[in-house]
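**Q** Sequences listed follow chains D and V, in order.
Counting from 1, one number per residue, gives the positions in the first sequence under the working numbering.
Counting from 1, one number per residue, gives the positions in the second sequence under the working numbering.
Derived from the structure by calculation, the hints contain no laboratory data.
Small disclaimer: the values here were computed from a predicted structure and weren't measured.
Hints are not guaranteed to be accurate.
[Said to hold, decoys possible] Listed below are several chain D residues computed to face chain V (Cβ distance under 10 Å; list not exhaustive): (1) 312; (2) 373; (3) 392; (4) 433; (5) 439; (6) 450; (7) 460; (8) 465; (9) 470.
Where is the CB? At the ideal position from N, CA and C, for every residue including glycine.
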Amino acid sequence: MYDVIIIGCGITGAATAFELSRYRLKVAVVERENDVAIGTTKANSAILHAGYDPMPGSLMARLNVRGVELARTLCEKLDVPYVPCGSMVLAFSQQEKPHLEELYRRGQANGVPGLALLTGDEARELEPNLSDAVVAALHAPSAAICSPWEYCLALAETAVRNGVQLHRNTGVTGLSPVDGGWLVNTDKGQMWARYVVSAAGVDCQQIHELAAPCPYTIHPARGQYYLLDKSEGDRVGRVIFQCPNDLGKGVLVAPTVHGNLIVGPNSEPVEGEDTSTTAAGLAFVRDKALKSVPSVQFNQSIRNFAGVRAVADTGDFVIDWAAPGLLDLAGICSPGLSAAPAIGEYAVELLGADGLALEEKEQFICERHRTRFKQLPQAERAALVERQTAFGRVICRCETVTEGEILEALAGPIPPCSVDGVKRRVNAGMGRCQGGFCGPRVVEILSRELGISPGEVVQDQAGTWLLARETKGGDK
Amino acid sequence: MYDLIVIGGGPAGLAAACAAWEGGLRSILIVERDQELGGILNQCIHNGFGLHYFKEELTGPEYAGRFIRMLSDTGVEVRLDTMVLEVTADRQVHMVGKTTGYRVEQARSIVLAMGCRERTRGAIGIPGTRPAGVFTAGAAQRYVNMEGWMPGNRVVILGSGDIGLIMARRMTLEGAKVLACVEVMPYSGGLNRNIVQCLHDYDIPLYLSHTVTDIRGKDRVEQVVVSQVDERRNPIPGTEMVFDCDTLLLSVGLIPENELTRQAGVEMDRRTNGAVVYENMETSIPGVFACGNVCHVHDLVDFVTAESQRAGAAAARYVAQNGDAPQRVLQVRNGDGVTYTVPQRIRPDRVEKRCDLFFRVNRICGDSEILVTSGDTQIARFKREHLAPGEMENITLPRVLLDKARDEITVSIREVEQA
Numbered sequence: 001m002y003d004v005i006i007i008g009c010g011i012t013g014a015a016t017a018f019e020l021s022r023y024r025l026k027v028a029v030v031e032r033e034n035d036v037a038i039g040t041t042k043a044n045s046a047i048l049h050a051g052y053d054p055m056p057g058s059l060m061a062r063l064n065v066r067g068v069e070l071a072r073t074l075c076e077k078l079d080v081p082y083v084p085c086g087s088m089v090l091a092f093s094q095q096e097k098p099h100l101e102e103l104y105r106r107g108q109a110n111g112v113p114g115l116a117l118l119t120g121d122e123a124r125e126l127e128p129n130l131s132d133a134v135v136a137a138l139h140a141p142s143a144a145i146c147s148p149w150e151y152c153l154a155l156a157e158t159a160v161r162n163g164v165q166l167h168r169n170t171g172v173t174g175l176s177p178v179d180g181g182w183l184v185n186t187d188k189g190q191m192w193a194r195y196v197v198s199a200a201g202v203d204c205q206q207i208h209e210l211a212a213p214c215p216y217t218i219h220p221a222r223g224q225y226y227l228l229d230k231s232e233g234d235r236v237g238r239v240i241f242q243c244p245n246d247l248g249k250g251v252l253v254a255p256t257v258h259g260n261l262i263v264g265p266n267s268e269p270v271e272g273e274d275t276s277t278t279a280a281g282l283a284f285v286r287d288k289a290l291k292s293v294p295s296v297q298f299n300q301s302i303r304n305f306a307g308v309r310a311v312a313d314t315g316d317f318v319i320d321w322a323a324p325g326l327l328d329l330a331g332i333c334s335p336g337l338s339a340a341p342a343i344g345e346y347a348v349e350l351l352g353a354d355g356l357a358l359e360e361k362e363q364f365i366c367e368r369h370r371t372r373f374k375q376l377p378q379a380e381r382a383a384l385v386e387r388q389t390a391f392g393r394v395i396c397r398c399e400t401v402t403e404g405e406i407l408e409a410l411a412g413p414i415p416p417c418s419v420d421g422v423k424r425r426v427n428a429g430m431g432r433c434q435g436g437f438c439g440p441r442v443v444e445i446l447s448r449e450l451g452i453s454p455g456e457v458v459q460d461q462a463g464t465w466l467l468a469r470e471t472k473g474g475d476k
Numbered sequence: 001m002y003d004l005i006v007i008g009g010g011p012a013g014l015a016a017a018c019a020a021w022e023g024g025l026r027s028i029l030i031v032e033r034d035q036e037l038g039g040i041l042n043q044c045i046h047n048g049f050g051l052h053y054f055k056e057e058l059t060g061p062e063y064a065g066r067f068i069r070m071l072s073d074t075g076v077e078v079r080l081d082t083m084v085l086e087v088t089a090d091r092q093v094h095m096v097g098k099t100t101g102y103r104v105e106q107a108r109s110i111v112l113a114m115g116c117r118e119r120t121r122g123a124i125g126i127p128g129t130r131p132a133g134v135f136t137a138g139a140a141q142r143y144v145n146m147e148g149w150m151p152g153n154r155v156v157i158l159g160s161g162d163i164g165l166i167m168a169r170r171m172t173l174e175g176a177k178v179l180a181c182v183e184v185m186p187y188s189g190g191l192n193r194n195i196v197q198c199l200h201d202y203d204i205p206l207y208l209s210h211t212v213t214d215i216r217g218k219d220r221v222e223q224v225v226v227s228q229v230d231e232r233r234n235p236i237p238g239t240e241m242v243f244d245c246d247t248l249l250l251s252v253g254l255i256p257e258n259e260l261t262r263q264a265g266v267e268m269d270r271r272t273n274g275a276v277v278y279e280n281m282e283t284s285i286p287g288v289f290a291c292g293n294v295c296h297v298h299d300l301v302d303f304v305t306a307e308s309q310r311a312g313a314a315a316a317r318y319v320a321q322n323g324d325a326p327q328r329v330l331q332v333r334n335g336d337g338v339t340y341t342v343p344q345r346i347r348p349d350r351v352e353k354r355c356d357l358f359f360r361v362n363r364i365c366g367d368s369e370i371l372v373t374s375g376d377t378q379i380a381r382f383k384r385e386h387l388a389p390g391e392m393e394n395i396t397l398p399r400v401l402l403d404k405a406r407d408e409i410t411v412s413i414r415e416v417e418q419a
């Protein structure tokens, strides 16, 4: 019998697991896929929003502002790439200026620090590549960018090091109330827990419905993106938004912590988790982005992707009891990444208030470190290679990722089991050649270290096979 | 201190090092990131290499093997499994290797011979799902020819570049079904002999003026949608064809790998995506040379070899002469029909007897003239029966003609008769 079972290991589930791992509790996280951070968490704008957007008084407003405050120290302690670059919302006409003023007022009400309304010229002074058509801007210095999947991994890894059990490839098929808790049926067998926390993203409604009728509806909304080469990485220094509209916060242009430029998203309703991109969607994103920053070179694109956000019809996060002992963390769309640690904190508060004994551990690990060869100074690189020769073998040329870093990830608390799993942990394959060169080498390393045939190595989730069969061979 | 450090041990690096040795340099280092010399030739097990240079037909590994043997007769030092991380303008080379450790070496001259990489799905923005099963043709070639694994069974190939054509045949010979080769342009980007030997001979249809407009399948590619495109390369609605397949190979262009070059501060040419070079393959940084596919993408390795020998010989001369004063420089301009030239600059005083000029055209032409002009004066004219963007052209300009030119020369195409 677990004290708590968390369903789903995206950023919300991971943050909740991390918070719970502070206490003397038996906690498990069940994740349907073969890795963490594989849904909405890996495919979004990677922004930690300042918090001027949500309506004052909403959960979104409170948890966003609290979340980004927590993120500042959390990302440092857990070695998560984080850059406090600030953001700007642009107005292209006098008609749009009231929007900025409204956001300014909301920001003040939400307690967002440092907000300032700028003229077009003041905005261009900070961001010289902005369009001449910009007439005013709202500047929010407290916005930041981060690596969302590494954020999730760091939280999940630290939770695991603190004793949380992570069960991957374990999908929930049923929820039944039992005496003193819940029976959780999974495709790997039965589990029991006093409390169940649903952090199932787009599938929160389905999980809820396993236990009780669901009062809200999740409308999956897809957003498509471009990721551009590092040659475009300093096109802007801040996250550049347009005035929000009914379709969300609008298309942004932003630097990434990895040195690239990200452009997107649009917003369109989809069925389930349809993360395909479309010619029309991408064209829309491109056109909108060029309105903000006309000089973006889209021929430097290295990848398109799409993510699906779980938007609840309540207009806010749904953080509430679905049934006694079953807590919903649902409708975690934007600003979910920003709010994540605060959502975790709030979830634990609710569990505690309901009677879960929160007794702090004497030894709680709240640090994490991973080797980043590329960022080390020359002397440290030399010493590292001296100590461990695997750090001398560069596997990914574009991002300068060494075999040593991949081996380190494989020895970590949540080892990767796919080529993309390696990518999410050490950046191999994230660069301009998109794994063209390092792909076969990563397959070779995974095959060797996991003791499986190259034919069994997958690209990403189960079923994403890479190699069909051996060649005909010949005389050996 | 080395007289010369060659970055890259593929065909360009090998030829440059051999030529520099012949030119008298005795302290030469080749740095190669792979575990053996030969570069991409090692995975090109098909034949057709060496027709120009050796006057015989060799496979890729055989072609590389000849130069590796030549190299073994010299005292050129080789560091394998070693990656160059940085080249500085004052010719320091930072490198790291599993057995060689982290080292910084100083060189009197440098030859950049890093080759090129393939354009990817992201660069051309194919919409659809993102399942496994979309490979660049070169990555697929590595799996098949080096690792011994087939990346799929039912294949569509986008792009009619040479690697894609070669892989159409290779996958077929290994028992895969290649359903189509799809090319967005109205003409193929590959060599004509490869169209015939790799597609026609195996009844693989080539769809010109078509492109992939959708990829379907959640985990692995299940279908690829191909549409016809108009003159502006926009897909024409209603022309969709759906192919049931598990693999899409991309052969949609090569990009010189110039991260080190840019970092060093070398002046680049946006047309070639390589360094701007002089007649002897010297870049804007004295003593730093570039050759092979890192300078501009070649169709034939034989031409890589010839160009790299010039670079290696020039590096040897540079070290021997300790660099000399700047001289008169001719800019080479692209006229009508010409997309780029290499070299981009010529110093006539450095040209002994003649200077080879390489270029590509922007369209297929029938009977044509290649015109070289300087101001209003025509200084040379060459006839060709056929010109195509997929086939690199070259002309040879004698020194005496270059002496006639003023500050610049322009290369242009005049079609005598429509193709």
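**Q** Indicate, hint by hint, whether the structure satisfies it.
**A** Right, here's what the structure says about each hint:
{"no.": "1", "hint": "312", "verdict": "violated, 25 Å"}
{"no.": "2", "hint": "373", "verdict": "holds, 8 Å"}
{"no.": "3", "hint": "392", "verdict": "holds, 4 Å"}
{"no.": "4", "hint": "433", "verdict": "holds, 5 Å"}
{"no.": "5", "hint": "439", "verdict": "holds, 6 Å"}
{"no.": "6", "hint": "450", "verdict": "violated, 16 Å"}
{"no.": "7", "hint": "460", "verdict": "holds, 7 Å"}
{"no.": "8", "hint": "465", "verdict": "holds, 6 Å"}
{"no.": "9", "hint": "470", "verdict": "holds, 6 Å"}
In summary, the structure is inconsistent with hints 1, 6 from the numbered list given earlier, while agreeing with the others.
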